[in-house]
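Kindly generate the complete structure, drawing on both the sequences and the hints.
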Amino acid sequence: MITLQSSDKDVFEIEQSILIQSGTIKNMVEDDFTFIPLPSVDTETLIKIIEYMKKHADKTDSKEKNIKEFDKDFMKKTLNELFALVFAANYLHISSLLELLYPSIADRIKDKITEAIRQIFSIRCDFTPEEERRIIMDNKWAHEGTEIEGTLD
Amino acid sequence: MEFECQSGTKVGLKDCSRDCVDYSCRGKADPSFIEPSKNPKSSKFNSEKQNPLRRLDGKGGSLSLECEESLAVNEVLHDCRSITDLPPALISEILNCLEPKELGVVSCVNTSLYRLASEHHVWKEFYCERWGQPILLAPLGTENADEKSWKELFVEREFRSKTFMGRYNIDTLYGHTEAVRTVSVLSSKKLVFTSGYDQIVRMWNMEEGLSIASSRPLGCTIRAVAADSRLLVAGGTDGFIHGWRAEDGIPHLFDLTSPQNQNTEFRVWEHEGPITCLALDLNKMYSGSWDMTIRVWDRSSLKCLNVLMHNDWVWSLAPHDTTVASAAGSDLYVWDTNIGSELAIVTNVHAGNAFSLARSHTGKLLFTGGEDGAIHMFEIIRNVKFHVKRVATWIPHLGAVYSLAFEFPWLVSASSDGKLSLIDVRKLLRTNRSYVVEKLSKVDNKVKNVEPPQRMLHGFGSNLFAVDVGLDRIVCAGEEGVVRIWNFSEALEVEQRVRALRGLRLENRMRRRKLQSEMTSKGSRGDQCSVAAKKNQLNGDRNSWRNRRRVAGKLKA
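Protein sequence lines, in the order shown, are assigned to chains A and B. Note that the working numbering has the first sequence beginning at 6, numbered continuously upward. Note that the working numbering has the second sequence beginning at 21, numbered continuously upward.
If you're looking for bench data, these hints aren't it; they were derived computationally from the structure. Each hint should be verified, as a subset may be incorrect.
Partial selection, computed: residues in chain B whose CB lies under 10 Å from chain A [what the hints assert, rightly or not]:
1. Leu106
2. Cys117
3. Pro120
4. Glu122
5. Cys128
6. Thr131
7. Phe179
Glycine is no exception: its CB is placed at the ideal position from the N, C-alpha and C atoms.
Written out as structure tokens, the structure is:
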């Protein structure tokens, strides 16, 4: 059993076999650590990650469909949660989770116009007006498509 | 509790660091303000009575909100809450999942995303999977060619892909004395190779529309020609493959005219029937014949590596990587060339023979044209099982489709009805792949989803036997023995000129109207002023101004 400590000082005891899906933890376990503090992962994210790893630890064929269903539901989170997961999964080196997260986040960007993307991700436009005009002209071809798609949907 | 709204604050989440507090304030000031706390350890926030989505995290005091909220507050500790805070490598990975248009939209969002999106390596992949390596046409200044980023190349090429809807010139090339059966374009060298019943292989300059050279008669009708920058091959009724190797020093790569040269020419005899199709690869050469086989050759040793047996006459083939697709009889085959085994077969693709085949640069899309005048599009899917799925159908012709050529996104077909059809497949690919598959499973696989072609080119005689595409041009030839080059390279410039002229004419018209209305309203203005002047000078002016506007409005409408 390995003990993980989140940034909020909450501790979790998990079996080693589940945790080795994380490259980082695996390395530390090989160096005989049993207590692993994770200062960059908060409790809620850590709970989700443990949930993910538990589900994926048991990879028998019969469970593959369940795992796929789980993954789909797992990705139905708010953007903030997804970002937190990406950070954590990156730090913990869980490549399978990352492979899931990238397309999920990309899906939120797809088929959106620039302003929508800015609002959803809380990004402020920091172009000067001339720059903005120039960039929009350069990328006019990209905007044609999205407008059409918007109406078709 | 104070409510501070600083609209000038940077949403600069890029600036987030451990001790700084950032918040952004949108126009709608939400009454549930958040007190900015300089002390990261503070946990006093008055947001409980508000939206339950806001949540307090223990001592960290970090707040997470649905981004659609009008007020987004980021108490920054170690987790920042926006995509721009992710390390560039991760953002890159996310952008990797996007299509070109979406990537273009993302690059308009802010400077850091602009930089990431524009320099992303995926533009190179987008370009290469559609068109292969870019041909660096003799640049005016060599520095320019190198400095163009992949994104610019891609956008430019996408833009140019509209040329086939524009205006064209036709170059007619005379030379062949009998029907031409095969055309092959070598874009990188701007050459066209044609041959047919007169048994002579002719080489033409594509840009100038002039004949460069012609070979001696090869002994039989030539039905297939293929060329790349190192090798030119031709095959015909007698079943041999005649080839010329490129030599440095020869102005147009291949020396067709000189008498039989042992070093650069060769002839391979192995097929037992007429050769109908030829193709070249990096290391291999492929030939298909009415003896129902396709032979895979090693280019340098000219040894036959594999023989692929079909059930019927082979009409056309298209190699890609380790596979080769072929149309034989009315069936479509896909083979593995290393093992020599059949990967997939689709029977009765057409009513009658499947005369022609084309393949996309990625190898995933296959197009077949048949005796029934129909064209089908297939997609190769390599999941657990390798299979070929029909994606779309067109029936643009009244006669057999003898030849197909594909250069993203245009599919060009030549038919016995003397016409060329131009089909833009981009619309079919735009939808998400899974969406297309779902749609198909519901629709009956018959003729229900037939699409019309984007354009038809016609007007010249009958029976077009061969077509090829390159350099914004379409080259076709057939029974007449005449080779036609449809030159669309000026289409975009012409379109711009036409539009500019139209704009100028419109401007002039507007200016004339404005002058006219000013002159007429000046007259009425005088009247108004004299009447109203006694009462209120200002009113009078206002009235006249309104009058003028009304008049102008009528004219404009």
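Consistency of the hints with the structure:
no.: 1; hint: Leu106; in the structure: holds (6 Å)
no.: 2; hint: Cys117; in the structure: holds (4 Å)
no.: 3; hint: Pro120; in the structure: holds (7 Å)
no.: 4; hint: Glu122; in the structure: holds (5 Å)
no.: 5; hint: Cys128; in the structure: holds (4 Å)
no.: 6; hint: Thr131; in the structure: holds (5 Å)
no.: 7; hint: Phe179; in the structure: holds (7 Å)
This entry satisfies every hint, going by the numbered hints stated previously.
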